[in-house]
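Participant: Sequence:
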Amino acid sequence: MTSIDDLFKKPFLPSTNGSTKRKFEDQDAEAAYKSAKLDPSVDDAPEDEDEDMEAGPEIPPEEDEDEEGRFFGSGTNQHTNAALDFVDRADDGADVKVEKIDAAWVRRLGLSFERKINKNSELRAKYETDPSKFVASEADLDAEIKSLSILSEHPELYKEFAKIGCSASLVSLLSHENTDIAIDAIEIISELLDDDVEAQQEQWDALVEAMLEADLIDLLLANLDRLDESVEADRSGVYHSLSVLEALSSNPTTAATIAQDPILKYLLNRISTTEKSVSQNKQYAAEVLQVLSQASPAVRDRLIPLDAVDKILQLLAAYRKRDPERDSTEEEYAEDLFDTLTCLSQPSAGKSAFLLAEGVELMLLMLKEAKFSKTRALKVLDHAFSGPSGQPVAEKVVDAAGLKPLFSTFMKKNLEAATIEHILGIFSALLRLLPGESAHRIRLLAKFVEKEYEKLDKLVTLRHEYATKARTTEDIDAGAATYCLNTLDVILSWLVAEDAGAKTKIIKGLADRDEGVDTLKKSLQEQMAGIDAEEEGNVGEMLTALIECL
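Taking full-length UniProt numbering, the leading residue of the sequence shown gets 1, the next gets one more, and so forth.
For the record, the hints were derived by calculation from the structure and aren't laboratory data. Watch out, some of these pointers could steer you wrong.
[What the hints assert, rightly or not] Here are the simulated lysine-lysine pairs, BS3-like style, with alpha carbons at most 25 Å apart:
| no. | residue 1 | residue 2 |
| --- | --- | --- |
| 1 | K282 | K371 |
| 2 | K412 | K469 |
| 3 | K521 | K458 |
| 4 | K368 | K282 |
| 5 | K126 | K163 |
| 6 | K321 | K265 |
[To be verified] Here are the simulated distance ranges between beta carbons:
| no. | residue 1 | residue 2 | range |
| --- | --- | --- | --- |
| 7 | E213 | E275 | 52 to 58 Å |
| 8 | A125 | E358 | 54 to 60 Å |
| 9 | L356 | I442 | 56 to 62 Å |
A virtual CB, placed ideally from N, CA and C, is assigned to each residue, including glycine.
All chains, full assembly: derive it from the sequences and hints.
Facilitator: Spelled out as structure tokens, the structure:
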């Protein structure tokens, strides 16, 4: 007969653990296991040997047995009374033995786990052509894997679990012939590494190190290749595999270790897969790629030679005129693509790939035509200008007639804070990167002073607004306000230094708040004192030159 354990087996669904993370889409419980691989046979109920026993419910007691009458009795029969007595004993702590979860418990669990693995392996080898001989051991192994879930509530035992070799054994099950077993193992690994688990860094590191030594990444990748996402259970397996990759990406060192070409190629192919609508796994693959690219410069350096910039630009081209549905999986997917492109456009090699794939032109088209993509395109351009190698990008923006849409966007009313921040960053970078007296720079300065210096009026007005916000320490955006204020001071300083008409206009605007050129100079000196060693050679020289000009 079916055991009590079978009746209470955990369903084939991603674990919640009270997490606020994304959850795998609802699944059909009946599709949890393929065919009857893990369905233990159910024996027929034994026949009742006691032929003299009468059928039917128990005969109620005679009325005279109720001493207080039917209106004064308890209203329960003897079976109910027995059940209530059991509950009372449980509430009192009687006859209830609570198992202690400690190192000894982990060793017992590990021993049982290893026995189940070995038994299943032996029976599979012995009865390779007769699944009925090993299906019961497979069901036992399946239940044992699921029982490991409780470890996520006791991360203090992760070191012991790894020490006795169980983490390596769990990883080895990813290569099990039965993909259902492999998927269960992936799900448990995902639960153990989940960022909602309150594990200390050394506990997490011990478990991850043991799993990586057991070839977790290679086995994970091999498993991804054999899973068919048209099958619901396999789709869940892909989801939890991506969850494992995301968890490992949270640590820069680990991210650089796992993000080798095979994994990166898989992610790039997965985000490029044509689908009627963006699926959860396609979006998740884009998110994992974004997390990896942000986690480590080494990952970015590996992605760029794989044509990641060109592939992402091709995917983003779909949003040149079309906006994804609001709060949809597709919107998350598009945001992840933009964020990855932003990371990849910062290294020198990434800028070259961005230019070669006509990334500047696409971002400018989005600036003119798109709604959803507008601010995100500005963010990409802002980061593509970073560093000394941003000059070709700056020149391309001017050559591609990008100044007009940039300044037109800047002059619009009610802009989002992020939009203003990125436009100011772009203006500052253009003034820093375009060579003096070059045709590109002359065209830029002409844009600032055209139409009776209206752009300068807005720049000075914004400076007053951000100066007020930056002084309001209670304002949660005070940090962003300070960044924008510093950027505005750099822009205004450049214009004061390079154009006499602009200098007169700016000084007049600053005087309305009893400020002047000395205010700008003081701001630049404070910025100079606050830059770090990495910026000193690039930004430091610019600030020094501006201070001398002022």
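Participant: It remains to establish, for every hint, whether it holds in the given structure.
Facilitator: Evaluated hints:
With a CA separation close to 23 Å, the supplied pair K282 and K371 stays within the 25 Å bound. Taking the CA atoms of K412 and K469, the gap is near 21 Å; set against the 25 Å cutoff, the hint holds. Using a Cα cut-off of 25 Å, the hinted pair K521 and K458 holds, with the two alpha carbons roughly 20 Å apart. About 28 Å separates the Cα atoms of K368 and K282, which puts this hinted pair outside 25 Å; it is violated.
Restraint check for K126 and K163: not satisfied, since their Cα atoms lie roughly 31 Å apart, outside the 25 Å limit. Restraint check for K321 and K265: not satisfied, since their Cα atoms lie roughly 28 Å apart, outside the 25 Å limit. The hinted range of 52 to 58 Å is not satisfied by E213 and E275, whose Cβ atoms lie roughly 36 Å apart. Separation of A125 from E358 is about 57 Å and conforms to the stated range, judged on CB atoms against 54 to 60 Å.
Checked against the hint of 56 to 62 Å, the pair L356 and I442 fails, with Cβ atoms roughly 27 Å apart.
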